[in-house]
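Trainee: Quick mapping for you: the protein sequence lines, in order, are chains A and B. Counting in this note's numbering, the first sequence runs from 1 upward without gaps. Counting in this note's numbering, the second sequence runs from 1 upward without gaps.
This list has only true hints and no planted wrong ones.
Okay, the calculated bits of chain B under chain A, using three or more residues with CB under 8 Å as the criterion:
#	stretch
1	36 to 44
2	51 to 64
3	78 to 90
In the DMTMM-like style, the derived pairs of lysine to aspartate or glutamate whose C-alpha atoms are separated by at most 20 Å in a straight line are:
#	chain 1	residue 1	chain 2	residue 2
4	A	227	A	193
5	A	160	A	149
6	A	3	A	184
7	B	9	A	201
8	B	9	A	200
9	A	3	A	178
10	A	47	B	85
11	B	9	B	36
12	A	315	A	292
A short list of chain B residues far from chain A (calculated; beta carbon distances all over 12 Å):
#	residue
13	29
14	137
15	154
16	165
17	214
18	219
19	221
20	230
21	239
Bear in mind the hints are in silico, worked out from the structure with no lab data behind them. In this text, all values refer to a predicted model and were calculated from it rather than measured experimentally. Glycine included, every Cβ here is placed at the ideal spot set by N, Cα and C.
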Amino acid sequence: MKKQLMRGNHVIAEAAIRAGCQCYFGYPITPQNEIGEYMSEYLPKVKGAVYIQAESELAAINMTLGAAVTGARVMTSSSSPGISLKQEGISFLAGQELPAVVVNIVRGGPGLGNIAPSQADYFQATRGGGHGDYRTIVLAPSSVQELADLTFDAFDLADKYRNPVIILGDGLLGQMMEPVIFRDPLKNLPRKDWALTGADERPSRFSRSLILDTTAMEDHNWKLHRKYEIITKQEVRAEVSDLKNAELVIVAYGVAARIARGAIKRSRREGIRVGLIRPITLWPFPSDVIRETANRIKHFLVFEMNTGQMIEDVKLALEGKAEVHFYGRPGGSVPTPVELERVITRVYYHSIRKERSK
Amino acid sequence: MKKLYGWPKYLTRAPFHYCPGCGHSIVHRLVAELVEELNIAHRTLAVAPAGCAVLAYNYWDFDTVEAAHGRGAAVATGIKRCLPDRLVLSYQGDGDLAAIGTAETIHAANRAERITIIFINNANYGMTGGQMAPTTLIGMKTTTTPEGRNVRMHGYPMHISDLLAIIPGAAYIERVAVSSPKGIRQTKRAIRTAFEAQMNDEGFSLIEVLSPCPTNWRKTPADSWKWIDEVLAKEYPPGVLADRRAHKPKASAKKETEDAD
Numbered sequence: 001m002k003k004q005l006m007r008g009n010h011v012i013a014e015a016a017i018r019a020g021c022q023c024y025f026g027y028p029i030t031p032q033n034e035i036g037e038y039m040s041e042y043l044p045k046v047k048g049a050v051y052i053q054a055e056s057e058l059a060a061i062n063m064t065l066g067a068a069v070t071g072a073r074v075m076t077s078s079s080s081p082g083i084s085l086k087q088e089g090i091s092f093l094a095g096q097e098l099p100a101v102v103v104n105i106v107r108g109g110p111g112l113g114n115i116a117p118s119q120a121d122y123f124q125a126t127r128g129g130g131h132g133d134y135r136t137i138v139l140a141p142s143s144v145q146e147l148a149d150l151t152f153d154a155f156d157l158a159d160k161y162r163n164p165v166i167i168l169g170d171g172l173l174g175q176m177m178e179p180v181i182f183r184d185p186l187k188n189l190p191r192k193d194w195a196l197t198g199a200d201e202r203p204s205r206f207s208r209s210l211i212l213d214t215t216a217m218e219d220h221n222w223k224l225h226r227k228y229e230i231i232t233k234q235e236v237r238a239e240v241s242d243l244k245n246a247e248l249v250i251v252a253y254g255v256a257a258r259i260a261r262g263a264i265k266r267s268r269r270e271g272i273r274v275g276l277i278r279p280i281t282l283w284p285f286p287s288d289v290i291r292e293t294a295n296r297i298k299h300f301l302v303f304e305m306n307t308g309q310m311i312e313d314v315k316l317a318l319e320g321k322a323e324v325h326f327y328g329r330p331g332g333s334v335p336t337p338v339e340l341e342r343v344i345t346r347v348y349y350h351s352i353r354k355e356r357s358k
Numbered sequence: 001m002k003k004l005y006g007w008p009k010y011l012t013r014a015p016f017h018y019c020p021g022c023g024h025s026i027v028h029r030l031v032a033e034l035v036e037e038l039n040i041a042h043r044t045l046a047v048a049p050a051g052c053a054v055l056a057y058n059y060w061d062f063d064t065v066e067a068a069h070g071r072g073a074a075v076a077t078g079i080k081r082c083l084p085d086r087l088v089l090s091y092q093g094d095g096d097l098a099a100i101g102t103a104e105t106i107h108a109a110n111r112a113e114r115i116t117i118i119f120i121n122n123a124n125y126g127m128t129g130g131q132m133a134p135t136t137l138i139g140m141k142t143t144t145t146p147e148g149r150n151v152r153m154h155g156y157p158m159h160i161s162d163l164l165a166i167i168p169g170a171a172y173i174e175r176v177a178v179s180s181p182k183g184i185r186q187t188k189r190a191i192r193t194a195f196e197a198q199m200n201d202e203g204f205s206l207i208e209v210l211s212p213c214p215t216n217w218r219k220t221p222a223d224s225w226k227w228i229d230e231v232l233a234k235e236y237p238p239g240v241l242a243d244r245r246a247h248k249p250k251a252s253a254k255k256e257t258e259d260a261d
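Given only the sequences and the hints, what does the whole structure look like? Please build it.
Mentor: In structure tokens, the structure reads:
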């Protein structure tokens, strides 16, 4: 497969088609419109594939549920305010254990916010988002290539665990163009012996989330919980870099991690030894990696494009074993590596050097 | 001896949880009978609503999925587009379809989705205990209109089927009432027509069923039937509201005998 230059949103759509996505349901919202536009052009070329521009995000996510229950690979995409509307359906997908891929190209919030890149939806994505006791797998790509790869993986994870998977990007990632190499299209999709396709020569089935009997509902909740435990054990992904000899670790995901990388490079030139932990799965969160790193490194700088959301997970992971610093830029502002470098320098001289000189 | 009637093959033996005199159990049975008569159980998928009929899968022996409140038409759309050769029916109440799910319903009709909606209109929110629905009549008392529905405060009874009837994608829309043996037979015929319209790829179809809710109406089952005919049907007159089918069978002998009594 040759390398090509493509826009992030188009890459999500193309990767989804290659991963066997048979249905896409969407509703326009900036900055992710290119996903639906690409799908409207290319998905109908796939035999039997379905593209619908729905009348609302509510309709789109419920069409997604309808398609998922038939066993089709299905994706919907939106941006923050639209994802809020989709939470109803995401909760139902989780409750009914139906696989689906939901893309959130995050923009500034709350409310209508703006259309600039943001990481304001971390809590919403990683805490379930809708009502009820459930989790969604959350993948946080930080490059266009990773958008392609993680979109591919998202479908596999969704099918493997019969659970909705969120791809948490942002306006920057969706809009920017980078070189990408796609994986070859999937030939064989997984068989789904639970799907509703009409009770032809088998007993009829139903798919539900209403379980009035409290004992049965509790059992269902524990069953889901056990599944989430397995996911937590098996699916954690994180990238670590420059941790060797580092005195300070930046924890950042998505495009924030790219900014951090630039800042780390600059800081290292100045003799400040900084490393990076980049969670790729935001849920399950790479707590173990962070905790183990704290055995040696005692300062963590959490950098997010919000006022501090992932920092809670970092603190939980650290269990007080290291000092946690924070730098955030909410509202769609994207800091430069130079700006973050200044923060690193400040943390380094105010905390780390000071401590050492005591 | 000739067997005239038996337990429908695709109606399970589970006792209905519905109140005595409720119309749901009648319509469930009619659907099960039709699925058997049309020999389509193996390719029927039903969508059950949030509402009294949420447990429809307990009674129907064909594949059934629950939808979130109001989203039946959207879920049915997702299913039908993936499995275009299946019969997809969405079973919904008046609050579900005419309030929270108005957008999903109207747009499914506008896309001419090849689905059939069975719309149970009992002029109140049954499952939650009898609150005002969009279809509640003027002056009608419910738990949220204790003084009766007041137009100034609560608006007018919603004629959702008439609204849907003007949409070009709506192939067949009919209003019926399960308030008499004759009405029940007409209901079955109407649902059959809608199913056939769907299977003939005609477009969207919906059958509105005026259906008794004795518990929340505070009436006996017999009085409920009477109230449908004398009051509810005056606001929502039964009849064919839209028929844009390309393949219309000639008025059959069956229809004549059905309407004769």
